[in-house]
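A.B. asks: Work out the full structure: start from the sequences and follow the hints.
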Amino acid sequence: MSTMEINFGVCLTKKTVEEEQKLLYFAWLMQNGRSYVKPKI
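Going by numbering that gives the first Met the number 0, the sequence shown runs without a break in its numbering and finishes at 40.
Note that these hints are calculated values from the structure, not bench results. Check the hints yourself; a few may be wrong.
[To be verified] With beta-carbon atoms standing in for the labels, derived distance ranges: (1) W27 x N6: 26 to 36 Å; (2) F25 x I5: 28 to 38 Å; (3) S1 x N31: 22 to 32 Å.
All values reported here derive from a predicted model rather than from experimental measurement. Glycine included, C-beta positions come from ideal geometry on N, C-alpha and C.
C.D. replies: Here it is in structure tokens:
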């Protein structure tokens, strides 16, 4: 693998982790934050 490929893989992984953390955070808000946040459904 070239350095460029490795860097791309790392960036992709970081992005995926960030997206997953956002989803987990929203799921947590849905469960625990109902008093603060009214989800728009």
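A.B. asks: Does each hint hold? Answer for all of them.
C.D. replies: Right, here's what the structure says about each hint:
1. W27 x N6: 26 to 36 Å: 31 Å, holds
2. F25 x I5: 28 to 38 Å: 31 Å, holds
3. S1 x N31: 22 to 32 Å: Given a distance of about 44 Å, which is not inside 22 to 32 Å, the answer is violated.
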